[in-house]
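*Asks:* These are the residues of each chain, in order.
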Amino acid sequence: MSNFRFVIGRFLGAIPTLLILICLAFFLVKAAPGGPFDFERSLPEEVEANLRAAYNLDDPVYLQLAKYIGDLLQGDFGPSFQYRDYTVTELISTGFPVSLRLGFAAILLALFFGSLIGSVAALNQNSKLDYGVMFFGMIGISIPNFVMAPLLVLFFSIGLKALPAGGYNGGDFYHMILPVVSLALPQMAYIARLTRGSMIEVLSSNFVRTAKAQGLSTKTILFSHVLKPTFLPVVSYLGPATAAIITGSVVVEQIFGLPGLGRYFVQGALNRDYTLVMGVVVFYGCLIILFNLIVDTLYGFIDPRIKQNR
Amino acid sequence: MKNRTLTIMLSIFLFGCGPNADNENTPKQKLVIGGASGEELAENQVFRKNNGSDPGTLDPHRAEGVPASNVLRDLYEGLVSEAANGDYIPGVAESWTISDDGKSYRFKIRDDAAWSNGDNVVAEDFVFSLRRSVDPKTLSNYSSMLYPIKNARDVVLGNESPELLGVSAEGEKVLLIELEEPTPYFISLLTHSTTYPVHPPSVIEHGSSFTRPENMVSNGAFTLEDWRIQDYILLTRNTKYWDDKNTTLSNVYYYPLDNPDASLRRYRANELDFTDTTPSEQLPWIKENLKEELKITPYFGSYYYGFNNTKPPFKDNPELRMALSLAVNRTIITDIVLGAGQIPAFTFVPPVKEYKGIQPEWAGLTQEERENLAKDFYLKAGYSPSNPLSIEIIYNTSENHKRVALAVASMWKKTLGVETKLRNQEWKVFLETRRLKEETEIFRGGWIGDYDDPYTFSELLHSENEMNHSGYASNDYDALLKSASLKPAGRDRLNDLLQAEQIMLNDMPVIPLYFYVSQHLIKPWVVGLEGNVMDHHYSKYVKILKSETIASE
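First to last, the protein sequences are chains A and B.
Note that this note's numbering numbers the first sequence so that position 59 is 59, with each residue one more than the last.
Note that this note's numbering numbers the second sequence so that position 417 is 417, with each residue one more than the last.
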């Protein structure tokens with residue numbers, strides 16, 4: 001019951017956050033100098049006037065905003081300025097599956113290998129293996145993906161000619177390998193370090209020592225007592241990790257030419273495609289709020305102490 | 001192919017690369033093209049091009065920019081088409097006649113011209129399409145291109161209904177177009193997408209979604225198979241096209257990669273056959289390693305610095321403008337700063353067909369003499385090393401523009417002692433700043449001709465042109481342009497335009513810096529493309545040769 005109330009409460013709390021996000025983004029987008037109708041070949045005044053009227057740009061800004069929110073409530077993100085024959089809703093629904101596929105694969109990869117590597121390192125603390133893992137972890141964190149991605153392409157695509165250098169190709173496995181890996185690497189490295197630190201702390205705690213004193217096998221101790229508290233910080237990192245993956249995907253999609261939302265966002269911003277940029281901001285805003293909510297709920301299940309404190 | 005690479009790698013790994021390994025002496029395994037005969041066609045006739053970015057729309061009347069034009073050229077065919085070398089050839093119209101006063105064009109439409117759904121292309125289709133193109137409701141960005149057609153301007157401005165446009169059908173296969181003035185470049189306008197026909201029944205049925213792959217009916221050598229936004233555009237051979245027997249390709253892919261580095265990587269990984277441009281920082285590497293595949297051709301474009309002639313210090317100060325122009329060593333910019341083969345410019349209009357431009361006298365001087373002249377003008381304009389000019393160059397953010405600006409600023413500093421500040425702005429911000437003429441002093445300008453006639457450049461400096469960002473206003477110049485626009489093609493008209501340019505060069509409202517070149521990487525198995533000054537390439541001329549690539553790097 002309390003869980004249900006918690007979720008509802010958080011849902012309601014998200015509404016003002018979203019409203020503020022929409023208003024801020026709306027004014028910022030409009031405040032950017034240059035407009036969607038500035039082209040190298042200037043438009044004749046009359047043509048520009050027709051265009052402005054067609055996109056309701058002649059109304060006062062507050063009216064435009066009110067109209068925008070009204071349309072949003074009906075699930076209408078408006079027509080795109082840049083893709084003149086498409087609506088933003090259509091664009092988001094073609095772009096999002098690509099980003100979702102990329103982001104989901106990256107976060108799974110990062111979680112699985114990150115926690116595996118981190119655990120192995122923690123269990124072999126201060127061994128050569130541990131130092132090696134942590135060294136590569138540090139490199140993974142500090143090399144940004146806009147450097148990592150071209151390096152991977154240079155090696156695997158141009159050197160070995162083993163993997164495609166870019167493109168989506170309907171999202172087939174081979175085309176996704178390099179983008180997913182370059183997006184996952186920094187997160188994987190971070191999760192590995194997080195897991196290692198957390199596990200070392202848990203391993204040296206009193207209840208583990210007690211378990212050892214009771215003569216429990218290492219396996220039992222590890223799986224029944226150590227893993228759950230170890231992954232608490234990892235789970236709470238999932239929220240920021242998702243946000244990082246989303247921002248990272250903007251870069252990775254650009255480098256590999258993937259038709260995801262991140263690329264739409266960049267192109268939209270450069271072309272002053274007001275509705276497309278707004279659409280992506282609102283959509284990602286909802287997504288991040290939703291994801292944080294899921295993580296918080298999940299947290300309660302892993303650590304009952306937190307649930308009681310709500 | 002992969003296996004072979006692996007074997008080579010493995011053998012290097014196993015046997016090492018010491019002095020005894022005879023890798024050094026064996027000739028590099030070379031690219032074998034065209035099978036035994038050298039002309040054998042590949043089984044897979046697919047051509048993969050990078051197009052630089054996604055078109056905003058594939059509606060030929062609303063499209064804007066080079067990427068859209070590239071795709072539309074394959075999808076649609078206008079009355080006139082172009083050969084691989086850029087010469088005008090009959091398109092949908094098999095022939096045409098021009099009246100003696102040069103103001104009416106009568107086109108005979110091919111009997112076998114057909115839409116991709118099998119419908120016949122008729123004169124009425126063009127009447128429908130041209131009216132749609134100028135109709136303000138269509139919201140076309142380029143409708144002003146059609147101003148030479150009778151009443152077009154009034155229709156675009158909303159003063160007249162589209163039915164009054166000077167276009168009419170005389171029976172099924174004859175189209176009459178009437179012009180306001182004899183417009184010698186009118187035939188070249190007919191290769192521009194604003195004049196392409198659209199299939200009336202599908203436009204009426206689907207509205208603005210007639211451009212979707214499932215709805216589009218086109219009349220070019222290819223049809224739209226698929227458009228994955230930000231992913232690729234896929235075209236398929238149009239078997240209904242009247243000249244389909246001469247098409248070889250089965251498919252064309254257009255990729256929207258805006259990053260030239262990513263484009264180069266995918267080209268090197270054999271995922272692209274054709275790049276839209278080359279990354280300038282990598283040019284030395286490309287020249288070294290991909291020399292045979294780099295195709296550089298003069299392009300109908302002009303790169304210049306414009307003065308803001310509406311404000312001090314440049315307003316009414318031709319001496320100062322001249323001094324700054326003379327002090328720039330163009331050869332250093334083209335050969336050292338850019339290095340792709342750009343051509344130093346002393347005139348504004350790039351040479352095109354019979355129009356060669358008249359070089360100003362100072363173009364024949366040595367740079368040293370020019371600089372001495374520049375110093376004289378600088379003093380006359382009221383400045384001196386002890387009382388230096390200080391100004392700002394605004395350009396849109398780009399590595400190349402920055403390098404040019406730095407070079408120019410240092411030349412001015414060295415020769416005249418001018419203090420120059422550089423300011424870069426993001427593209428759309430820059431466009432706005434430049435258009436407003438409020439804070440600009442000197443701005444970067446570049447223009448690619450819309451059609452191959454000097455007028456596409458000359459008109460930019462007309463006092464009433466909205467693209468005249470320098471604010472240059474000369475009655476003599478405007479009068480000569482007007483006079484040229486009333487004359488039919490020929491020496492007389494070109495002389496007017498030449499004379500206008502000479503007047504302009506004496507006033508120096510802009511500093512011409514260089515003429516563009518187009519830069520493509522093209523795989524050796526692609527044949528049929530020819531360089532041309534408009535950089536227009538039709539996929540219908542392309543063939544893919546059988547090729548066997550062996551890891552040769």
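FYI, nobody ran anything at the bench for these hints, they're computed from the structure.
Wrong hints could be hidden among the right ones.
[Stated by the list, open to error] Pairs of lysine to any residue residues, derived as SDA-like cross-links and limited to a Cα-Cα distance of at most 25 Å, are as follows:
{"id": "1", "chain 1": "B", "residue 1": "K137", "chain 2": "A", "residue 2": "F223"}
{"id": "2", "chain 1": "B", "residue 1": "K287", "chain 2": "A", "residue 2": "G159"}
{"id": "3", "chain 1": "A", "residue 1": "K30", "chain 2": "B", "residue 2": "K482"}
{"id": "4", "chain 1": "B", "residue 1": "K380", "chain 2": "B", "residue 2": "E281"}
{"id": "5", "chain 1": "B", "residue 1": "K421", "chain 2": "A", "residue 2": "P150"}
{"id": "6", "chain 1": "B", "residue 1": "K103", "chain 2": "B", "residue 2": "I187"}
{"id": "7", "chain 1": "B", "residue 1": "K137", "chain 2": "A", "residue 2": "D59"}
{"id": "8", "chain 1": "A", "residue 1": "K67", "chain 2": "B", "residue 2": "L139"}
{"id": "9", "chain 1": "B", "residue 1": "K402", "chain 2": "A", "residue 2": "D59"}
{"id": "10", "chain 1": "B", "residue 1": "K437", "chain 2": "A", "residue 2": "D76"}
{"id": "11", "chain 1": "A", "residue 1": "K67", "chain 2": "B", "residue 2": "N259"}
{"id": "12", "chain 1": "B", "residue 1": "K137", "chain 2": "A", "residue 2": "E45"}
{"id": "13", "chain 1": "B", "residue 1": "K482", "chain 2": "A", "residue 2": "R41"}
{"id": "14", "chain 1": "A", "residue 1": "K161", "chain 2": "B", "residue 2": "E281"}
{"id": "15", "chain 1": "A", "residue 1": "K161", "chain 2": "B", "residue 2": "E426"}
{"id": "16", "chain 1": "A", "residue 1": "K161", "chain 2": "B", "residue 2": "K291"}
{"id": "17", "chain 1": "B", "residue 1": "K287", "chain 2": "A", "residue 2": "L72"}
{"id": "18", "chain 1": "B", "residue 1": "K482", "chain 2": "A", "residue 2": "D59"}
{"id": "19", "chain 1": "B", "residue 1": "K380", "chain 2": "B", "residue 2": "T397"}
{"id": "20", "chain 1": "B", "residue 1": "K137", "chain 2": "A", "residue 2": "I8"}
{"id": "21", "chain 1": "B", "residue 1": "K311", "chain 2": "A", "residue 2": "R41"}
{"id": "22", "chain 1": "A", "residue 1": "K30", "chain 2": "B", "residue 2": "E426"}
{"id": "23", "chain 1": "B", "residue 1": "K402", "chain 2": "A", "residue 2": "K161"}
{"id": "24", "chain 1": "B", "residue 1": "K402", "chain 2": "A", "residue 2": "R41"}
{"id": "25", "chain 1": "B", "residue 1": "K291", "chain 2": "A", "residue 2": "P150"}
{"id": "26", "chain 1": "A", "residue 1": "K161", "chain 2": "B", "residue 2": "K311"}
{"id": "27", "chain 1": "B", "residue 1": "K402", "chain 2": "A", "residue 2": "L270"}
{"id": "28", "chain 1": "B", "residue 1": "K437", "chain 2": "A", "residue 2": "G70"}
[Claimed, not checked] One side of the interface only, derived from the structure: several residues of chain B facing chain A at Cβ under 10 Å:
{"id": "29", "residue": "D100"}
{"id": "30", "residue": "K428"}
{"id": "31", "residue": "H469"}
{"id": "32", "residue": "D496"}
Given the structure is predicted, the values throughout are model-derived calculations rather than measurements.
Cβ atoms here follow ideal geometry from the backbone N, Cα and C, with glycine treated the same way.
*Asks:* Does each hint hold? Answer for all of them.
*Replies:* Status of the hints after comparison with the structure:
1. B/K137 with A/F223: violated (69 Å)
2. B/K287 with A/G159: Distance of about 20 Å is within 25 Å: holds.
3. A/K30 with B/K482: violated (40 Å)
4. B/K380 with B/E281: violated (40 Å)
5. B/K421 with A/P150: violated (34 Å)
6. B/K103 with B/I187: Distance ~12 Å between B/K103 and B/I187 Cα, so the pair holds.
7. B/K137 with A/D59: holds (19 Å)
8. A/K67 with B/L139: holds (22 Å)
9. B/K402 with A/D59: violated (38 Å)
10. B/K437 with A/D76: Measuring from Cα to Cα gives roughly 38 Å; hence the hint is violated.
11. A/K67 with B/N259: violated (36 Å)
12. B/K137 with A/E45: holds (15 Å)
13. B/K482 with A/R41: holds (21 Å)
14. A/K161 with B/E281: holds (24 Å)
15. A/K161 with B/E426: Violated - the C-alpha atoms of B/E426 and A/K161 are around 36 Å apart, more than 25 Å.
16. A/K161 with B/K291: Holds: A/K161 and B/K291 sit about 21 Å apart, inside 25 Å.
17. B/K287 with A/L72: violated (52 Å)
18. B/K482 with A/D59: violated (39 Å)
19. B/K380 with B/T397: violated (34 Å)
20. B/K137 with A/I8: violated (48 Å)
21. B/K311 with A/R41: Status holds; Cα separation ~23 Å.
22. A/K30 with B/E426: Distance of about 15 Å is within 25 Å: holds.
23. B/K402 with A/K161: It is violated: about 35 Å lies between the C-alpha atoms, which goes past 25 Å.
24. B/K402 with A/R41: Since the Cα atoms of B/K402 and A/R41 sit roughly 22 Å apart, the hinted pair holds (cutoff 25 Å).
25. B/K291 with A/P150: holds (23 Å)
26. A/K161 with B/K311: violated (57 Å)
27. B/K402 with A/L270: OK: B/K402 and A/L270 at ~19 Å, within 25 Å.
28. B/K437 with A/G70: This hinted pair is violated, its Cα atoms lying about 38 Å apart.
29. D100: It is violated, given that the least Cβ distance between B/D100 and chain A is near 32 Å, above 10 Å.
30. K428: holds (3 Å)
31. H469: Hint on B/H469: holds, closest Cβ of chain A at ~9 Å, below 10 Å.
32. D496: Hint on B/D496: violated, closest Cβ of chain A at ~24 Å, above 10 Å.
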